[in-house]
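S.K.: Next come the chains, spelled out residue by residue.
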Amino acid sequence: MIKWLGALLVAATLSLGVAMPTFAVEKEKKIVLQISDGGEEKQTLVLNVANNLQKHYGLDNVKLEIVAFGPGLRLLFKDNVNKGRIDSLVKSGVQFSACQNTVDGMAKTLGYKPALNSQAVPVQAGISRIIDLTEQGYTLVRP
Amino acid sequence: MKALKQTALTLACVAALGTTVQQADAANWLMLQGTEPVGTAERAYVWGFLQPTYTQTDGTPLPAGTPFAGRDAVFNTIVPDQKSDSQFQILRAQVGVRGQNLPLDSNINYFFLAEFGNNGVTTNGGGAARVVDASITLNHIPGARVRAGLFKTPTAEEGLQAIHVFDYINFTNVTDQMLLERFFDRDGVPACTTATSGTAETCANRPNGPVGAFRDIGVQVFNAFTFGSFELSYAAMLGNGNGINRGDNNGSMDKYYYLSGEYVFGGNGARREGLKFFAWQQDGKRTLITGGTGTQSSVGGTAGTEADYDRTRSGLGLTFRKSKFRAAAEYIKADGMIFDGTDGGAVAGVSNIAGTTFATFNIVPVDKADGYYADFGYLVLPKLELDLRYDSLNRRTDVAANERQFTTTTVGVQYFFNPKTRATLNYELRNAEAPNLPATNPANLVLDATDNRISLQLTAIF
Numbered sequence: 007m008i009k010w011l012g013a014l015l016v017a018a019t020l021s022l023g024v025a026m027p028t029f030a031v032e033k034e035k036k037i038v039l040q041i042s043d044g045g046e047e048k049q050t051l052v053l054n055v056a057n058n059l060q061k062h063y064g065l066d067n068v069k070l071e072i073v074a075f076g077p078g079l080r081l082l083f084k085d086n087v088n089k090g091r092i093d094s095l096v097k098s099g100v101q102f103s104a105c106q107n108t109v110d111g112m113a114k115t116l117g118y119k120p121a122l123n124s125q126a127v128p129v130q131a132g133i134s135r136i137i138d139l140t141e142q143g144y145t146l147v148r149p
Numbered sequence: 006m007k008a009l010k011q012t013a014l015t016l017a018c019v020a021a022l023g024t025t026v027q028q029a030d031a032a033n034w035l036m037l038q039g040t041e042p043v044g045t046a047e048r049a050y051v052w053g054f055l056q057p058t059y060t061q062t063d064g065t066p067l068p069a070g071t072p073f074a075g076r077d078a079v080f081n082t083i084v085p086d087q088k089s090d091s092q093f094q095i096l097r098a099q100v101g102v103r104g105q106n107l108p109l110d111s112n113i114n115y116f117f118l119a120e121f122g123n124n125g126v127t128t129n130g131g132g133a134a135r136v137v138d139a140s141i142t143l144n145h146i147p148g149a150r151v152r153a154g155l156f157k158t159p160t161a162e163e164g165l166q167a168i169h170v171f172d173y174i175n176f177t178n179v180t181d182q183m184l185l186e187r188f189f190d191r192d193g194v195p196a197c198t199t200a201t202s203g204t205a206e207t208c209a210n211r212p213n214g215p216v217g218a219f220r221d222i223g224v225q226v227f228n229a230f231t232f233g234s235f236e237l238s239y240a241a242m243l244g245n246g247n248g249i250n251r252g253d254n255n256g257s258m259d260k261y262y263y264l265s266g267e268y269v270f271g272g273n274g275a276r277r278e279g280l281k282f283f284a285w286q287q288d289g290k291r292t293l294i295t296g297g298t299g300t301q302s303s304v305g306g307t308a309g310t311e312a313d314y315d316r317t318r319s320g321l322g323l324t325f326r327k328s329k330f331r332a333a334a335e336y337i338k339a340d341g342m343i344f345d346g347t348d349g350g351a352v353a354g355v356s357n358i359a360g361t362t363f364a365t366f367n368i369v370p371v372d373k374a375d376g377y378y379a380d381f382g383y384l385v386l387p388k389l390e391l392d393l394r395y396d397s398l399n400r401r402t403d404v405a406a407n408e409r410q411f412t413t414t415t416v417g418v419q420y421f422f423n424p425k426t427r428a429t430l431n432y433e434l435r436n437a438e439a440p441n442l443p444a445t446n447p448a449n450l451v452l453d454a455t456d457n458r459i460s461l462q463l464t465a466i467f
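So the sequences go chain by chain: A and B. Converting from the first sequence to the numbering used here requires adding 6 to each position, the first position being numbered 1. Converting from the second sequence to the numbering used here requires adding 5 to each position, the first position being numbered 1.
Treat the hints with care, since some could be wrong.
As the list claims (entries may be wrong) - A few chain A residues that don't get close to chain B, going by computed Cβ distances all over 10 Å: (1) 66; (2) 127; (3) 130.
As the list claims (entries may be wrong) - Partial list, computed: chain B residues near chain A (C-beta under 8 Å): (4) 44; (5) 47; (6) 51; (7) 109; (8) 372.
Just so you know, these hints were derived from the structure itself, not from any lab. Cβ atoms here follow ideal geometry from the backbone N, Cα and C, with glycine treated the same way.
Chain A on its own, in the form it takes in the complex:
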């Protein structure tokens, strides 16, 4: 009888031991933020949203990518006034993607390629990068 109760306890403990980790693991959030507007308020908003998401879910529980294209690419200009905040977010794991089609378009207007933040990761087309990411399970947010 005692052996039988002991076996039951061991079985119960093992079953709990297997089940408990499945409650402890948080599912990682994957979010892509779109910035395609060039204004100061929109730039500030996107950076604020990225910060707030990291604070809310925790740095290890959220994967963030900010894709800039069109007028929004100005966020990733080399001397943008927000470059300090961008550096800080990159250090905390955020990726900033810069649309090369937009760069090429701007180069035609300016006569030269605009200098970009060295932290920016080039992608051929910002919009297709967003679609690819959403197909990989990212949630698209456009603040």
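Dock chain B against the given chain A, drawing on the hints supplied.
M.R.: Just chain B now, kept in the frame of chain A:
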């Protein structure tokens, strides 16, 4: 000041060669007004501000025993109209546009501002509105931005700062009389008589156009550099020396030099916290007819001698802002082209008791003046600031008998409805005297009539 000049020019040269120090963000007057934030500036950002104002004195007239006894004392009337001792007015109403004409190109920005209010900018020379800023800045050369057009000159803090965040309603005596330049064709001496000239208007020797408004048309090289929390700024400018509405008239350009160093505590914009030291100088020449007895408008057509006179202004000072406390102080010197008020303290164009002469504006081409101010502010409540300012001007110091001293203690309150809307109440305890003349001298009798002044102003920035 020679050292200042050399330092400023050396900095400009070094900067033009391309230094490797970090350029500062827009966070001082040179940068706030002359540049735009990289990567965020709009093509056309519309902004402006309104300042309806009420001002009152006791209206004490000129006293017995003086040439214009019984007439209005000009210093007790309300500018710019000088017709009453109490007045509601729209002191300033400015609308402007600024930005980067091509937002992709952060190397070029512009600044445009027009004045529609009732003040010295709009009341002389006709016209109800005037352009007061119209400039383009080129940011292509590392360390040496180039600004061209009409804009505020790199001089005294009171004039250079954005007027919509000025903590008082009226300027200090030294700024008002020595830096807010009035431009004249004639010196106003001797007084215009009814026998020789006729009407009050032609005899008044009024300014020949708007006040300078601390601005000039020209070109400026400037920049700011940060070294950790320290910021070093410089500016060197060449301008017509003729204010906002005229070209050059004497083949001589005004030269401006400015240098400042600031330890930045934090924040940004117009109310950034920091401790700043600054020094500046302006050198120029002005053309003036002296000794004539004719009318104001017929330059060279009547008796008198036209000549160019040196006009130099210089100053040094500091500003401080930290948490709830702020302070500022500046010492200013003036050499040449000293504004000397009106004859007998009367309103220009008014005849004397005997009916033989008209009061005229006067300007003294060769003389000196100096002055200073100390200003303190404390935010006693989150939306309520108390202000206290003391200022002094010694005018015409070359000859003891000509010297006049003006001192004003201003007590102020600012209530901030929100960060862009505030009410300002000022009470000015004003004193003036001829310190080297007897108390019974007419000059002292006139100056004794100086009233205190109360002003209330609303400011809304949009």
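S.K.: Go through the hint on residue 44 (chain B) and say holds or violated, using the shortest Cβ distance to chain A against 8 Å.
M.R.: Hint on residue 44 (chain B): holds, closest Cβ of chain A at ~3 Å, below 8 Å.
S.K.: Hint residue 47 (chain B) vs chain A: min CB-CB distance below 8 Å?
M.R.: 7 Å, holds
S.K.: Measuring Cβ to Cβ, find out whether residue 127 (chain A) lies farther than 10 Å from everything in chain B.
M.R.: Holds: least Cβ distance 18 Å, greater than 10 Å.
S.K.: Was residue 66 (chain A) rightly flagged as not at the interface, with every chain B Cβ beyond 10 Å?
M.R.: At about 30 Å from chain B, residue 66 (chain A) clears the 10 Å cut-off, so the statement holds.
S.K.: Is the interface hint satisfied for residue 109 (chain B)? The criterion is a beta-carbon contact with chain A at less than 8 Å.
M.R.: Interface hint status for residue 109 (chain B): holds (5 Å vs cutoff 8 Å).
S.K.: Does residue 372 (chain B) pass the interface check with chain A, least Cβ-Cβ distance below 8 Å?
M.R.: It is violated, given that the least Cβ distance between residue 372 (chain B) and chain A is near 48 Å, above 8 Å.
S.K.: Against chain A, run the beta carbon of residue 51 (chain B) and see if the smallest gap drops under 8 Å.
M.R.: Check failed: Cβ of residue 51 (chain B) comes no nearer than 14 Å to chain A, outside 8 Å.
S.K.: Would you assess whether residue 130 (chain A), listed as outside the interface, keeps its beta-carbon beyond 10 Å of every beta-carbon in chain B?
M.R.: 20 Å, holds
The earlier numbered hints that this structure contradicts are 6, 8.
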